[in-house]
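As a plain string of letters, each chain reads:
Protein chains: 2
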Amino acid sequence: MNIAIKLTSPKGYRALVPETVSDYLASSRDLATRLGGKPKEWQVREVGDGNLNLVFIIEGPASSLCLKQALPYVRLVGESWPLPLSRAWFEHLALTEEAKYAPRFVPATHYYDDTMALTVMEYLTPHIILRKGLIQGIKYPLVAKHLGEFLALTLYHTSDLFLPAEIKKKKIADFADNTAMCKISEDLIFDEPYFKAPMNRHSVGLDEVSVSFQNDADLKDAVQEMKWRFLNHAEAMIHGDLHTGSVMVTENDTRAIDPEFAFFGPMGFDIGAIIGNFLLAYFSQPGHAKKSGEREAYADWILAQIPVLWQSFSVLFADLCQQRTSQEPGGHVYAPRVLAMREKAIKQRLDAIWSDTLGFAGAKIIRRTLGLAHVEDMESIEDLKLRASCERKALLFAKELLLNRENYTTPSTLVDAARLK
Amino acid sequence: MNIAIKLTSPKGYRALVPETVSDYLASSRDLATRLGGKPKEWQVREVGDGNLNLVFIIEGPASSLCLKQALPYVRLVGESWPLPLSRAWFEHLALTEEAKYAPRFVPATHYYDDTMALTVMEYLTPHIILRKGLIQGIKYPLVAKHLGEFLALTLYHTSDLFLPAEIKKKKIADFADNTAMCKISEDLIFDEPYFKAPMNRHSVGLDEVSVSFQNDADLKDAVQEMKWRFLNHAEAMIHGDLHTGSVMVTENDTRAIDPEFAFFGPMGFDIGAIIGNFLLAYFSQPGHAKKSGEREAYADWILAQIPVLWQSFSVLFADLCQQRTSQEPGGHVYAPRVLAMREKAIKQRLDAIWSDTLGFAGAKIIRRTLGLAHVEDMESIEDLKLRASCERKALLFAKELLLNRENYTTPSTLVDAARLK
Numbered sequence: 332m333n334i335a336i337k338l339t340s341p342k343g344y345r346a347l348v349p350e351t352v353s354d355y356l357a358s359s360r361d362l363a364t365r366l367g368g369k370p371k372e373w374q375v376r377e378v379g380d381g382n383l384n385l386v387f388i389i390e391g392p393a394s395s396l397c398l399k400q401a402l403p404y405v406r407l408v409g410e411s412w413p414l415p416l417s418r419a420w421f422e423h424l425a426l427t428e429e430a431k432y433a434p435r436f437v438p439a440t441h442y443y444d445d446t447m448a449l450t451v452m453e454y455l456t457p458h459i460i461l462r463k464g465l466i467q468g469i470k471y472p473l474v475a476k477h478l479g480e481f482l483a484l485t486l487y488h489t490s491d492l493f494l495p496a497e498i499k500k501k502k503i504a505d506f507a508d509n510t511a512m513c514k515i516s517e518d519l520i521f522d523e524p525y526f527k528a529p530m531n532r533h534s535v536g537l538d539e540v541s542v543s544f545q546n547d548a549d550l551k552d553a554v555q556e557m558k559w560r561f562l563n564h565a566e567a568m569i570h571g572d573l574h575t576g577s578v579m580v581t582e583n584d585t586r587a588i589d590p591e592f593a594f595f596g597p598m599g600f601d602i603g604a605i606i607g608n609f610l611l612a613y614f615s616q617p618g619h620a621k622k623s624g625e626r627e628a629y630a631d632w633i634l635a636q637i638p639v640l641w642q643s644f645s646v647l648f649a650d651l652c653q654q655r656t657s658q659e660p661g662g663h664v665y666a667p668r669v670l671a672m673r674e675k676a677i678k679q680r681l682d683a684i685w686s687d688t689l690g691f692a693g694a695k696i697i698r699r700t701l702g703l704a705h706v707e708d709m710e711s712i713e714d715l716k717l718r719a720s721c722e723r724k725a726l727l728f729a730k731e732l733l734l735n736r737e738n739y740t741t742p743s744t745l746v747d748a749a750r751l752k
Numbered sequence: 332m333n334i335a336i337k338l339t340s341p342k343g344y345r346a347l348v349p350e351t352v353s354d355y356l357a358s359s360r361d362l363a364t365r366l367g368g369k370p371k372e373w374q375v376r377e378v379g380d381g382n383l384n385l386v387f388i389i390e391g392p393a394s395s396l397c398l399k400q401a402l403p404y405v406r407l408v409g410e411s412w413p414l415p416l417s418r419a420w421f422e423h424l425a426l427t428e429e430a431k432y433a434p435r436f437v438p439a440t441h442y443y444d445d446t447m448a449l450t451v452m453e454y455l456t457p458h459i460i461l462r463k464g465l466i467q468g469i470k471y472p473l474v475a476k477h478l479g480e481f482l483a484l485t486l487y488h489t490s491d492l493f494l495p496a497e498i499k500k501k502k503i504a505d506f507a508d509n510t511a512m513c514k515i516s517e518d519l520i521f522d523e524p525y526f527k528a529p530m531n532r533h534s535v536g537l538d539e540v541s542v543s544f545q546n547d548a549d550l551k552d553a554v555q556e557m558k559w560r561f562l563n564h565a566e567a568m569i570h571g572d573l574h575t576g577s578v579m580v581t582e583n584d585t586r587a588i589d590p591e592f593a594f595f596g597p598m599g600f601d602i603g604a605i606i607g608n609f610l611l612a613y614f615s616q617p618g619h620a621k622k623s624g625e626r627e628a629y630a631d632w633i634l635a636q637i638p639v640l641w642q643s644f645s646v647l648f649a650d651l652c653q654q655r656t657s658q659e660p661g662g663h664v665y666a667p668r669v670l671a672m673r674e675k676a677i678k679q680r681l682d683a684i685w686s687d688t689l690g691f692a693g694a695k696i697i698r699r700t701l702g703l704a705h706v707e708d709m710e711s712i713e714d715l716k717l718r719a720s721c722e723r724k725a726l727l728f729a730k731e732l733l734l735n736r737e738n739y740t741t742p743s744t745l746v747d748a749a750r751l752k
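Protein chains in written order, with our numbering: chain A, 332 to 752; chain B, 332 to 752.
Any given hint could be a false lead.
For chains that are exact copies, the list does not tell them apart, and a pair is met inside one copy or across any two.
Unchecked claim - In silico SDA-like links for lysine to any residue, alpha-carbon gap of 20 Å or less:
| no. | residue 1 | residue 2 |
| --- | --- | --- |
| 1 | Lys514 | Pro495 |
| 2 | Lys470 | Ala620 |
| 3 | Lys675 | Arg655 |
| 4 | Lys678 | Ala548 |
| 5 | Lys678 | Asp547 |
| 6 | Lys675 | Asp549 |
| 7 | Lys675 | Ala548 |
| 8 | Lys675 | Gln545 |
| 9 | Lys514 | Glu497 |
| 10 | Lys501 | Thr427 |
| 11 | Lys678 | Glu556 |
| 12 | Lys724 | Glu627 |
| 13 | Lys675 | Asp547 |
| 14 | Lys470 | Gly368 |
Worth flagging that the hints you see were computed from the coordinates, not collected in a lab.
Isolated chain A, as found in the complex (with noise of 0.2 Å):
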């Protein structure tokens, strides 16, 4: 592992490696005392396996913590790809911001060192991340519920549903130098996947498809109407990368982490992300059978659980709009001085998320196949024909989504179309 790295960072700034985590870590009263016994007991691994930081596990005597380091380029590809280390001030905000209204789904954070680009938070154990679990076949039976109400307290609580605008708008203000991740996103979801970008790849098998969506004007028309959306529809803080490598989960517990390209974006975004990745979860599931059929069971209960989520997050998203009181201080739009959102609003408003979510994971889905950054879900299918049968199969169900979103009013019209693909 290339850990390395060039001083090119600000002053003060150093990327730590296991054998100096311990002395970084020693410094701080607080976290010497959550760990326990001396530094020279600490165990320090660094088990970083995303695309852009250094994340060490340090256990203790008493306890054990996680420490997160932003490093000034993208792990992925390397320092010749700088990226600015202030998204760990970003990712820091987004946490603390969560924490306020839904700290069951995130991690506590302990410490943050913005010099060092670095957060020590909760060492989450014995979670996995989410996306491992689905290849290996593991039910969850709490996650789709938990990740609706995730998103329908973090998506609620920082709009104009709740906030007044002009705390809405200084956090905008907050979030919008963030520009470096955004254009990330803007750049590998929207726009290289539909041109021949020197970075992008796609199995074997895949050519065709790959140009035949490059040469699809409808279909990049709507994914540019989503790019539109997502440069200008600063309905709330979105998390901005919620994938199911961003969600750590045990049967009975669920996390969402790596908020660092959190930004104010459409609420769709999230909500496709998540449900974009359990589609191609779902879709990869045939190469994971080890005897023919062995994960249609399994296949079966990935689809079934956007429905879930959706359920999860659309009952608690209307109880919370349901629940405004002109007591409370609350948020600018359908302020209870002039009108009570009726069921009907609450259903528009949840009707306008649901079509720009089914865009959104359209995007993710053929991202993640045709661009850059691609899934282990796919990846890990070592049978090259089955693997680019499996990503066709998802690719064609997301230009669907894109071209034809309002056929598939509800998730139960997406979960019937998938299993007909």
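On the provided structure of chain A, position chain B as indicated by the hints.
Using the frame of chain A, we list chain B on its own:
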């Protein structure tokens, strides 16, 4: 005219009076040179008839200037309603931005003083306020064409079609602090007409329609949906208050003034504001006829300006979209490397803007008839019964625009429907 002011304002700020203006201007060599002669030769008069500010005209031997100074409160209401002087800064910022792309449609600015919250600009003469011209029954052959061009140039060039995302986000943040002005719009346009707000007023004879609007949940839903877009859709830098009182005209020249409500919002808000005010002017015409039918032809001319304005806007906006090339740095949606904007995509964008335009036009008509601030088009009708009749027609048409805007897919359908009221 009460322009005595308690100096509760920042250090260095003092509200000017006609007697102190010349001394103030004389301290700038550039301004003194523009005016020519000696300060004692300069003729100063205060002409502000708006709701918020002081406006002085200064005539010197060589030329004349206009000085606009913000007061620390709402002039229309008095010191009981404080308003931040920072709006002078945002007006300056907006004028500067507009002048980059549409210099012939805004007044040239010569001087800005942040502490004094004032701008010295070109004195527009023999221009008059468009609203006054429409009340007098004067035809301006170019005004609709010019306004369409002004809107296309300013809205296109501050959108993601032209600005790279990181620059646009920076500009959004620059305007994010103009919240006090946005709050006035949010309250007065979208909320107060729809409940018994203390400052609401309406003409004798409109009690019934006022009550019926306040009890119409479907109408209020439609208005709150427009408020959602106003709060969330940061499509472009909008003027924010583009009524016919913010436009100065001669037969050949058109200038948009007073952009102190500017921020990044939905494009349709500006277009809806001006179209809503043309509709108010149209519906007020019977009240200005000295004999029956005298204003019919003129009313028709006003109505005909709406398609002319939209045509002018949409043709130039489409041209700008189509002229984008990969050589330009350019905006980040429909980046040329991905997809040249086809007619279909441009039409889709314009259709979305038109739909917003109708909703905002309706909201603007209602706020100017049932809310705090009314328009001279109606207020100057002395026959109270006739005034109420004109206003009632405008209100019912506005309601129709808000509730059924999908029925008015083109400006000509809008015009036909207005004529039938």
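Consistency of the hints with the structure:
Taking identical chains as interchangeable, the C-alpha atoms of Lys514 and Pro495 lie at most 20 Å apart only when they sit on different chains, with a minimum of 10 Å there against 28 Å within one chain. Taking identical chains as interchangeable, the C-alpha atoms of Lys470 and Ala620 lie at most 20 Å apart only when both belong to the same chain, with a minimum of 15 Å there against 77 Å between chains. For the homomeric pair Lys675 and Arg655, the shortest alpha-carbon distance inside one copy (16 Å) is at most 20 Å, but the shortest distance between copies (41 Å) is not. Proximity of Lys678 to Ala548 under the C-alpha cut-off of 20 Å is restricted to the inter-copy arrangement: shortest distance 14 Å between copies versus 32 Å within a copy.
When the C-alpha separation of Lys678 and Asp547 is checked against a cutoff of 20 Å, the pair qualifies only between copies, where the shortest distance is 18 Å, while the shortest distance within a copy is 33 Å. For the homomeric pair Lys675 and Asp549, the shortest alpha-carbon distance between copies (9 Å) is at most 20 Å, but the shortest distance inside one copy (32 Å) is not. For the homomeric pair Lys675 and Ala548, the shortest alpha-carbon distance between copies (10 Å) is at most 20 Å, but the shortest distance inside one copy (35 Å) is not. For a Cα distance limit of 20 Å, the shortest separation of Lys675 from Gln545 across copies, 18 Å, qualifies, whereas the shortest one inside one copy, 40 Å, does not.
For the identical chains of this complex, Lys514 and Glu497 are inter-copy neighbours only, at 8 Å across copies versus 26 Å inside a copy, given an alpha-carbon limit of 20 Å. In the homo-oligomer, the alpha carbons of Lys501 and Thr427 lie at most 20 Å apart inside one protomer (16 Å), although the nearest pairing across protomers, at 23 Å, exceeds that limit. In this assembly of identical chains, Lys678 and Glu556 lie within 20 Å of each other by CA distance solely across copies; the values are 12 Å between and 23 Å within a copy. Only within a single protomer do Lys724 and Glu627 lie at most 20 Å apart by alpha-carbon distance; the minimum there is 15 Å, versus 63 Å between protomers.
Within a single copy, Lys675 and Asp547 get their C-alpha atoms only as close as 37 Å, which misses the 20 Å cut-off; across copies the closest is 13 Å, which meets it. Taking the closest pair of Cα atoms, Lys470 and Gly368 never come within 20 Å of each other, the shortest separation being 38 Å inside a single copy and 87 Å across copies.
In this structure, the one hint that does not hold is number 14.
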